[in-house]
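Trainee: Single-letter residue listing:
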Amino acid sequence: MGATLLVLLLAAPVQEPPRPAPTPPSSCLQCHAELGGTAAETVARLGEDIHGQKGLSCHDCHGGNPAVGHDGDIDAAHDPARGWREHPTRLQVPQFCARCHADAEYMKRFNPHTRIDQLSEYRTSVHGQKNAAGDTRTAVCVDCHGVHGIRAVADARSSVHPTHLADTCARCHTDEKLMGQYGLPTVQYADYKNSVHAHALYEKGDLGAPTCNDCHGSHGAVPPGVGSVANVCGSCHGREASLFRETEQKKGLDLDLCIQCMVCHDNHAVKAPTPDMLGVGPRSTCVGCHPPGEPLYAAAERMGAGLQRLRTGLDHARELLERAERAGVEVSEDQFALQQAQDQVIEARVLVHSFDEERFQANVDEGVTVVEAGLAAGRRAFGELRERRLGLGVSLIVIVAVIAGLVLKVREIEAKP
Amino acid sequence: MRRRRWLNAFLGTSAGAMVASILYPVVRYLVPPELPEAPTTRALAAREDELRPNQGRLFRFGSRPGLLLRLPDGSYRAYDGTCTHLNCTVQYRPDLRQIWCACHNGYYDVGGRNVSGPPPRPLDAWEVHVANGEVVVTRKA
Amino acid sequence: MSGLPAARAWAWLDERAGLSALGELARHKRVPLHRHSLWYYLGGMALFLFSIQVGTGILLLLYYRGSAGEAFESVQFIMAKVPFGWLIRSLHSWSANVLMFVVFAHMFSTFFLKSYRRPRELTWFTGMGLLGLMLAFGFSGYLLPWNTLAFFATQVGTEVAGSVPVVGRFILRLLRGGDQVTGGTLTRFYGIHVAVLPALTTVVLGLHLVLVQKHGMSVPPGVEEESRREGRAPRTLPFVPSFLLRDAIGWCAALGVLAALAALFPWELGTKADPFAAAPAGIRPEWYFGFMFQTLKMLPGHVLGVEGELLGIAAFTVGALVWLVAPLLDRRPGHPASRAFTVLGWAVLAYIVAFTVLMYVRN
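Chains as they are written, first to last, in the working numbering: chain A, 1 to 417; chain B, 418 to 558; chain C, 559 to 921.
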């Protein structure tokens with residue numbers, strides 16, 4: 001029985017699985033390349049395009065029939081029965097892209113966690129609202145992302161990659177003629193480029209630093225509402241924002257009037273904050289709202305003075321220990337302990353955002369304690385130097401005594417009898 | 418003769434004083450100091466009973482700040498206490514059971530891994546040894 | 559046996575170790591007394607300072623660590639935590655410099671007083687050997703704290719050694735323990751400083767001292783002339799106790815000076831060496847290498863097609879050789895031709911002083 005089966009198996013002819021018929025080249029690509037000029041441009045960069053890389057081609061967006069028309073029959077290729085959609089107008093572009101990008105089922109095939117709310121977000125934005133109302137000058141998908149050569153956002157060469165995004169927005173937002181039609185300023189780009197965020201992003205290469213879309217949103221781009229500036233800044237500067245919010249809740253302040261973070265820190269031209277922004281000095285940001293005579297002016301003055309006291313104390317302690325070190329006393333451990341005071345300075349500067357004088361001063365006092373310990377260590381070091389000199393003095397006296405004794409001894413030995 | 422005796426006594430005493438003033442520092446030098454060696458590869462972080470479970474403390478290791486943690490199960494962990502973001506000194510938050518950097522809100526888990534906020538890398542981990550009632554932290558030079 | 563315990567102990571040792579022979583030697587040793595006798599103290603002073611180096615060096619050995627990762631910290635530890643560690647370390651550093659000065663002074667004084675003439679040529683040769691050993695001690699010891707200045711000074715110094723033709727590369731690699739100055743160089747220098755050089759010095763110093771005892775103190779030609787004319791031997795002082803007591807006065811004074819230097823001008827620690835950092839401006843070696851360093855710096859890049867630095871090294875080598883064999887060249891000390899050597903000596907001294915000062919002024 002077994003042998004029979006074996007013979008049957010061995011006798012059965014081996015068959016190869018059927019091979020699929022080879023696909024003919026797409027007529028879109030072939031014709032457009034042959035036509036040259038602008039027609040060729042549309043297909044020239046399909047290889048760079050994220051859509052092309054995922055296996056999509058012209059007909060996936062534009063419809064039509066890529067299998068026919070190799071002979072030049074344009075109507076056969078541009079077949080309305082096969083969903084041919086010609087060049088969409090600027091008003092049609094958002095819907096054109098959203099046909100796929102808002103379809104969860106479709107997008108899931110390519111990326112399980114891609115977003116599909118871009119269109120609905122866009123419609124909330126100023127760009128989207130104006131587009132829906134018929135404005136053809138406002139930005140649509142292809143203005144930022146490009147067309148026929150769209151790179152993925154994470155691709156560093158993409159026009160919407162963080163390192164290029166500001167330049168993309170600036171294409172329109174620095175155009176005075178265009179912005180003038182909407183009554184919008186054009187200084188934002190220049191301001192931003194001077195800011196500490198731009199420095200971090202472009203010069204230090206920190207991709208975590210914000211560019212336009214981090215504060216304004218990508219598709220739902222609007223200037224942050226006056227009441228939500230702190231939330232925007234707070235998405236990265238969490239501690240400062242939460243301290244700030246505590247203030248609002250605790251003191252029941254209506255800080256909307258002050259446009260929150262922007263009062264002291266500007267919106268686009270954000271510079272690194274300096275300690276003299278606190279207090280009542282010439283560069284203070286407090287006196288703008290709290291002029292002299294106002295009760296909070298005094299509080300601002302005290303807080304500024306407290307921070308100044310800590311900082312100068314720290315500098316003084318550092319300098320004292322450095323002098324002791326140069327004089328030959330080893331003080332590296334005391335210098336290390338001063339590091340904690342430096343941490344307190346940073347903490348104090350964060351605590352400014354609580355606008356809670358008591359809490360701020362408590363922190364400053366902690367720092368001052370460390371500074372005092374450092375100063376005491378410095379004084380101890382100089383005390384040790386004095387001790388050394390004392391010890392030297394004693395040993396020199398002894399040595400001089402010995403020398404004197406020796407001299408007398410020599411005289412005695414060699415005295416003529 | 419008397420003068421000679423006086424001179425000998427004087428010379429002897431002052432020479433003796435000189436010898437003593439040389440021997441005294443040498444003997445003091447030879448007696449080992451409290452800390453037997455420079456803390457470059459080894460540092461005493463705490464006494465065994467100083468930290469409660471779920472408590473942390475900063476200590477000095479050479480020129481770096483170190484963070485010693487005692488986990489809720491009683492075991493110890495030690496890390497280089499310098500935040501990998503912009504070098505502030507981190508601290509342990511018992512309420513969150515995480516290591517926190519106050520400067521820009523960076524968080525690390527008790528394994529030293531950066532879990533939230535700006536820090537780009539985990540904290541450098543050091544070895545902890547508990548012996549003779551002391552918690553000693555070591556690292557490669 | 560009867561007698562005081564001290565006398566009995568002496569007798570016991572003498573029977574076994576022959577100490578009384580040494581005692582005889584000491585009793586009979588006399589030191590000539592004349593207007594140049596003051597220079598006789600320099601040799602003993604050098605020996606005293608060297609002993610201080612050995613003593614403080616041994617003490618430092620107990621806490622120092624010779625690896626790149628720990629050297630700087632261990633010196634810091636000695637300065638800060640070890641009781642009187644600052645004193646031992648500063649003494650060691652200051653005494654090294656004072657020793658170098660005294661050694662140079664001793665060499666020049668014996669040169670000008672023509673102490674190297676027959677039969678003391680070997681003493682001169684061993685003395686030059688000791689000079690070389692002291693310079694090596696200084697060069698190797700300077701690196702041991704592993705601070706920035708020392709690191710780069712060592713780099714420059716070994717680079718110069720490496721530019722010697724033919725064997726330069728080999729010497730450089732031998733010194734550095736590789737192609738670059740690394741922790742390997744430090745360990746190597748440490749071994750050289752605490753083992754190799756002390757062993758060599760023991761032998762050469764022993765020879766030097768034995769020869770000095772054998773031949774006694776040399777009397778300068780001028781003084782010899784005078785006593786010959788006056789028909790009497792030069793006045794002498796018994797070594798024990800007169801000269802020795804005077805020696806002791808000098809040594810106590812030196813100790814006081816060193817203690818003052820250590821307490822009032824403690825030796826700096828500097829910053830830990832970072833092999834990857836750029837060399838800071840104004841790198842220069844210790845002052846006793848200064849004149850050579852400054853000369854090499856000032857030589858033009860090329861002279862007659864030969865690299866300036868090579869020419870400088872060649873000149874130094876020839877100069878050192880001539881200086882070394884001076885006793886064999888200056889064979890007639892009383893003869894007027896011998897004055898050429900005195901003039902040469904003054905020229906060399908002036909050159910060294912001038913270029914040492916120049917190095918400090920220029921940096």
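It should be emphasised that the hints constitute simulated quantities derived from the structure, not laboratory data. Quantities reported herein were computed from a predicted structural model and do not represent experimental measurements. Possibly wrong hints are sitting among the right ones.
Pairs of lysine to aspartate or glutamate residues, derived as EDC-like cross-links and limited to a Cα-Cα distance of at most 20 Å, are as follows [what the hints assert, rightly or not]:
{"id": "1", "chain 1": "C", "residue 1": "K639", "chain 2": "B", "residue 2": "E451"}
{"id": "2", "chain 1": "A", "residue 1": "K54", "chain 2": "A", "residue 2": "D103"}
{"id": "3", "chain 1": "C", "residue 1": "K830", "chain 2": "C", "residue 2": "E844"}
{"id": "4", "chain 1": "C", "residue 1": "K639", "chain 2": "A", "residue 2": "D315"}
{"id": "5", "chain 1": "A", "residue 1": "K193", "chain 2": "A", "residue 2": "D103"}
{"id": "6", "chain 1": "C", "residue 1": "K830", "chain 2": "A", "residue 2": "E333"}
{"id": "7", "chain 1": "A", "residue 1": "K108", "chain 2": "A", "residue 2": "D60"}
{"id": "8", "chain 1": "C", "residue 1": "K639", "chain 2": "A", "residue 2": "E384"}
{"id": "9", "chain 1": "C", "residue 1": "K587", "chain 2": "C", "residue 2": "E844"}
{"id": "10", "chain 1": "A", "residue 1": "K409", "chain 2": "C", "residue 2": "D805"}
{"id": "11", "chain 1": "C", "residue 1": "K639", "chain 2": "C", "residue 2": "E826"}
{"id": "12", "chain 1": "A", "residue 1": "K271", "chain 2": "A", "residue 2": "D214"}
{"id": "13", "chain 1": "C", "residue 1": "K772", "chain 2": "C", "residue 2": "E582"}
{"id": "14", "chain 1": "A", "residue 1": "K204", "chain 2": "A", "residue 2": "D167"}
{"id": "15", "chain 1": "C", "residue 1": "K855", "chain 2": "C", "residue 2": "E844"}
{"id": "16", "chain 1": "C", "residue 1": "K639", "chain 2": "A", "residue 2": "D214"}
{"id": "17", "chain 1": "C", "residue 1": "K639", "chain 2": "A", "residue 2": "D103"}
{"id": "18", "chain 1": "C", "residue 1": "K830", "chain 2": "A", "residue 2": "D103"}
{"id": "19", "chain 1": "C", "residue 1": "K639", "chain 2": "B", "residue 2": "E465"}
{"id": "20", "chain 1": "C", "residue 1": "K587", "chain 2": "A", "residue 2": "D103"}
{"id": "21", "chain 1": "C", "residue 1": "K830", "chain 2": "B", "residue 2": "E454"}
{"id": "22", "chain 1": "C", "residue 1": "K830", "chain 2": "A", "residue 2": "E322"}
Trainee: If a hint holds in the structure, say so; if it does not, say that too.
Mentor: Consistency of the hints with the structure:
1. About 8 Å separates the Cα atoms of K639(C) and E451(B), which keeps this hinted pair within 20 Å; it holds.
2. The suggested pairing of K54(A) with D103(A) holds, with an alpha-carbon distance near 16 Å, which does not exceed 20 Å.
3. A hinted pair counts as satisfied when its Cα atoms are at most 20 Å apart, and K830(C) with E844(C) qualifies at roughly 18 Å.
4. The straight-line distance between the Cα atoms of K639(C) and D315(A) is roughly 25 Å, outside the 20 Å bound, and the hint therefore fails.
5. At most 20 Å may separate the alpha-carbon atoms for a hinted pair to count; K193(A) and D103(A) exceed this at roughly 37 Å.
6. For the proposed pair K830(C) and E333(A), the alpha carbon gap of about 16 Å is at most 20 Å, so the pair holds.
7. At most 20 Å may separate the alpha-carbon atoms for a hinted pair to count; K108(A) and D60(A) meet this at roughly 16 Å.
8. Restraint check: the Cα-Cα separation between K639(C) and E384(A) comes to about 13 Å, which is no more than 20 Å; the hinted pair holds.
9. For the hint linking K587(C) to E844(C), the alpha-carbon distance of about 38 Å lies beyond 20 Å, and the restraint is violated.
10. Among the hinted pairs, K409(A) with D805(C) is consistent with the structure: their alpha-carbon atoms are about 13 Å apart, no more than 20 Å.
11. Restraint check for K639(C) and E826(C): satisfied, since their Cα atoms lie roughly 16 Å apart, inside the 20 Å limit.
12. Simply put, K271(A) and D214(A) have alpha-carbon atoms about 17 Å apart, close enough for the 20 Å limit, and the pair holds.
13. For the suggested pair K772(C) and E582(C), the alpha carbons sit about 14 Å apart, so the restraint of at most 20 Å is met.
14. Among the hinted pairs, K204(A) with D167(A) is consistent with the structure: their alpha-carbon atoms are about 18 Å apart, no more than 20 Å.
15. For the suggested pair K855(C) and E844(C), the alpha carbons sit about 15 Å apart, so the restraint of at most 20 Å is met.
16. At roughly 53 Å between alpha-carbon atoms, K639(C) and D214(A) are farther apart than 20 Å, so this suggested pair is violated.
17. Taking the CA atoms of K639(C) and D103(A), the gap is about 72 Å. The hint is violated against a cut of 20 Å.
18. Annotation: proposed proximity of K830(C) to D103(A) is violated, straight-line Cα distance about 63 Å (limit 20 Å).
19. A C-alpha spacing of about 24 Å is found between K639(C) and E465(B), which places the hinted pair above 20 Å, so the restraint is violated.
20. Of the pairs offered as hints, the one joining K587(C) and D103(A) is violated, with about 113 Å between alpha carbons and a cut-off of 20 Å exceeded.
21. Distance hint between K830(C) and E454(B) is fulfilled; the C-alpha atoms sit about 18 Å from each other, no more than 20 Å.
22. Our distance criterion of 20 Å between C-alpha atoms is met by K830(C) and E322(A), whose separation comes to about 16 Å.
The structure fails hints 4, 5, 9, 16, 17, 18, 19, 20 (numbered hints given earlier, in ascending order).
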